[in-house]
Amino acid sequence: MRKSRPATGGVILAAAVVLTLAGGCWLVAWNAWNVMRLWRAEVKLVVYLNETATQDTVAAVRTAILSEPAVRNHRLISEAEAMTEFLQMMQSDRSLLEGLGDHLFPVSIEVWVEESAQTPTGMDALASKWRQLPGVESVRYGEALVRELSAAARVVWIVGTVIGAVLAAGVAVVVGVMANVALRAQRDEIALLKLLGATDGIVFKPFILRGAATGGLGGLVAAAALGGAWWAFRSRMTGVGDGILNAWLDRMVFPPEFVVALIGLGAMVGGVGSVIAARRVNRLTA
Amino acid sequence: MLRGVTFRVDRGEAVVIEGPTGSGKTTLLRLLIGAEQAERGQIFVNGVEIRGPATPRLAAVRRSLGLMVQGIPLLSELTVADNVGLPLKAARLPYRDRRLKIYEALKTFGLEGRRDTYPGQLSGGEVQRVCLARALVTRPAVLLTDEPTTSLDEGTAKDVVDILREAHRRGLTLLAATHTPTLAYQLGGRRLLLEDGQAREGTAGPER
Chain C
1 MRKSRPATGG VILAAAVVLT LAGGCWLVAW NAWNVMRLWR AEVKLVVYLN ETATQDTVAA
61 VRTAILSEPA VRNHRLISEA EAMTEFLQMM QSDRSLLEGL GDHLFPVSIE VWVEESAQTP
121 TGMDALASKW RQLPGVESVR YGEALVRELS AAARVVWIVG TVIGAVLAAG VAVVVGVMAN
181 VALRAQRDEI ALLKLLGATD GIVFKPFILR GAATGGLGGL VAAAALGGAW WAFRSRMTGV
241 GDGILNAWLD RMVFPPEFVV ALIGLGAMVG GVGSVIAARR VNRLTA
Chain L
287 MLRGVTFRVD RGEAVVIEGP TGSGKTTLLR LLIGAEQAER GQIFVNGVEI RGPATPRLAA
347 VRRSLGLMVQ GIPLLSELTV ADNVGLPLKA ARLPYRDRRL KIYEALKTFG LEGRRDTYPG
407 QLSGGEVQRV CLARALVTRP AVLLTDEPTT SLDEGTAKDV VDILREAHRR GLTLLAATHT
467 PTLAYQLGGR RLLLEDGQAR EGTAGPER
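Chains C and L are the protein sequences, given in the same order.
Residue 284 in this note's numbering sits at position 284 of the first sequence; the count goes up by one each step and never skips.
Residue 355 in this note's numbering sits at position 69 of the second sequence; the count goes up by one each step and never skips.
What the hints contain is simulated information worked out from the structure, not anything from laboratory work.
Take the hints with a grain of salt, since some may be wrong.
Said to hold, decoys possible - Straight line, CA to CA, 30 Å or less: simulated DSS-like cross-link-like pairs of lysine-lysine: (1) C:Lys44 - C:Lys129; (2) C:Lys205 - L:Lys444; (3) C:Lys129 - L:Lys375.
Claimed, not checked - Which chain C residues face chain L? A few, computed with CB under 10 Å, are given here: (4) Leu196; (5) Val253; (6) Pro255.
What the hints assert, rightly or not - For each label pair, taking beta carbons as the anchor points, the in silico distance ranges come out as: (7) C:Ala169 - L:Pro380: 50 to 60 Å; (8) C:Ala165 - L:Glu322: 23 to 33 Å; (9) C:Ile202 - L:Gly357: 12 to 22 Å; (10) C:Pro206 - L:Arg326: 30 to 40 Å; (11) C:Gly10 - L:Pro380: 40 to 50 Å; (12) C:Gly9 - L:Val334: 21 to 31 Å; (13) L:Gly357 - C:Ala169: 33 to 43 Å; (14) C:Ser235 - L:Tyr389: 12 to 22 Å.
Since we're looking at a predicted model, the values are computed, not measured.
The beta carbon of each residue, even a glycine, is placed where N, CA and C say it ideally should be.
Extracted from the complex, chain C is given alone in its bound form (with noise of 0.2 Å):
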């Protein structure tokens, strides 16, 4: 089969913009999702102790709490501690508390848990059983900001998603067109070859080969640029920002398996792509 080299460079570079625009958006979702997905994780609950809690409360209330298979980590806080920790964060000395009693912060158990029970409904679950617990007074979290961080990471998911589907469906489009192209100028040699005996694998495979190539190709031009991208994004922005955006472009990555996924993606919807024109050749020289 004859090639136009110039036109297949053209549908390479024309499958390289979309998926770079599809993996520009697959990329900002991962990220977005994976820094909400993060700090989701710092989210803990903090178990508040009554007043009248013995020791041995306190010991019950801890193996309670660390039976639960979800609990991934969990920190006790005296009263000492607890008043100290909130002085250190006030700037200021014990004259701040006189006369506001003795017990004004309880014991005190921070917990965190593993990443399948840092939902709403799973956080909501485990407070309600420690509340039951004889000797704890309260379990707080940060009810809304899981419930919005779940939200928010679950739309960055779901736009990144559609918008990196619709695109990549784009890339089958350019490449089937090209396969189309290339096809129906051949079509007098498909039917020649069909009527000598070609079986459609022979005559197809190379076309289908060829678009899967080019896909492959278009997803390796697309993650070098991304790649380009990103390296000069993050030398660009390194040490410009406090030390929240730092410590939120720290978290951020190209992860190696996203250049694998764009070439395989571009393979597979270039494959796909030349699958579909050539079975609506294969109609016409039938």
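Based on the hints, put chain L in the right spot on chain C.
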């Protein structure tokens, strides 16, 4: 339209289908390769019924035939070598083997110097020789040929007939359609006369 045409060709036989223009000779050959479908009746080639859409079995039958039939022209955008190599490509022969067989076929038909030429640059005789080279490049057991000597000058027509006779002498089953009685006599073998869509056995050509 062809009606009630019944005939059988045995291995190694030469049959010339003879009839005036429009008598259905080309249609008959196209029916034999499944390029057209008969409304009624049965057609068997190498024991395989030729009917319905292209199947792997029909494709295998087609690959076993050498075709020099109207409607299977040389492709103007391919070189002579590429045109000759099409049946080898259809047979999925590896590229290196294809090149070797193309070279052999071009040499046999005196076309070595024309391998990179396009069909539009060939004379009528050369076109016929390329068509024959393409039809015989896979060394098929059966050759279907349609008007192999039409519009050729006398010398070239004789060359083509010599090639066909030689191939037949080596065991090729030959089915040739022509509107000129001369070819039947030149090739010898059995004559099948087509007229008004019906076929009858004619007198045999002279022994070769």
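Against the structure, the hints come out as follows:
Of the pairs offered as hints, the one joining Lys44 (chain C) and Lys129 (chain C) holds, with about 15 Å between alpha carbons and a cut-off of 30 Å not exceeded. For a cut-off of 30 Å, the pair hint linking Lys205 (chain C) to Lys444 (chain L) is broken: about 42 Å separates their Cα positions. The hinted pair formed by Lys129 (chain C) and Lys375 (chain L) fails the criterion: a straight-line CA distance of about 73 Å is larger than 30 Å. Hint status for Leu196 (chain C) relative to chain L: holds, with the closest Cβ pair at about 4 Å, below 10 Å.
A cut of 10 Å between beta carbons decides the hint on Val253 (chain C): the least distance to chain L is about 45 Å, and the hint is violated. Residue-level restraint check for Pro255 (chain C) is violated (minimum Cβ-Cβ distance to chain L is 40 Å; threshold 10 Å). For Ala169 (chain C) and Pro380 (chain L), the hinted distance range of 50 to 60 Å is not satisfied, since their beta carbons lie about 37 Å from each other. For Ala165 (chain C) and Glu322 (chain L), the Cβ-Cβ distance of about 45 Å falls outside the hinted range of 23 to 33 Å, so the restraint is violated.
Checked against the given bound of 12 to 22 Å, the beta carbons of Ile202 (chain C) and Gly357 (chain L), roughly 20 Å apart, stay inside it. Separation of Pro206 (chain C) from Arg326 (chain L) is about 39 Å and conforms to the stated range, judged on CB atoms against 30 to 40 Å. Look at Gly10 (chain C) against Pro380 (chain L): about 31 Å separates their beta carbons, and that is not inside 40 to 50 Å. At roughly 45 Å, the beta carbons of Gly9 (chain C) and Val334 (chain L) sit outside the given window of 21 to 31 Å.
Between Gly357 (chain L) and Ala169 (chain C) the CB atoms are about 39 Å apart, so this pair conforms to the stated range of 33 to 43 Å. Between Ser235 (chain C) and Tyr389 (chain L) the C-beta distance comes to about 58 Å, which lies outside the given range of 12 to 22 Å.
The earlier numbered hints that this structure contradicts are 2, 3, 5, 6, 7, 8, 11, 12, 14.
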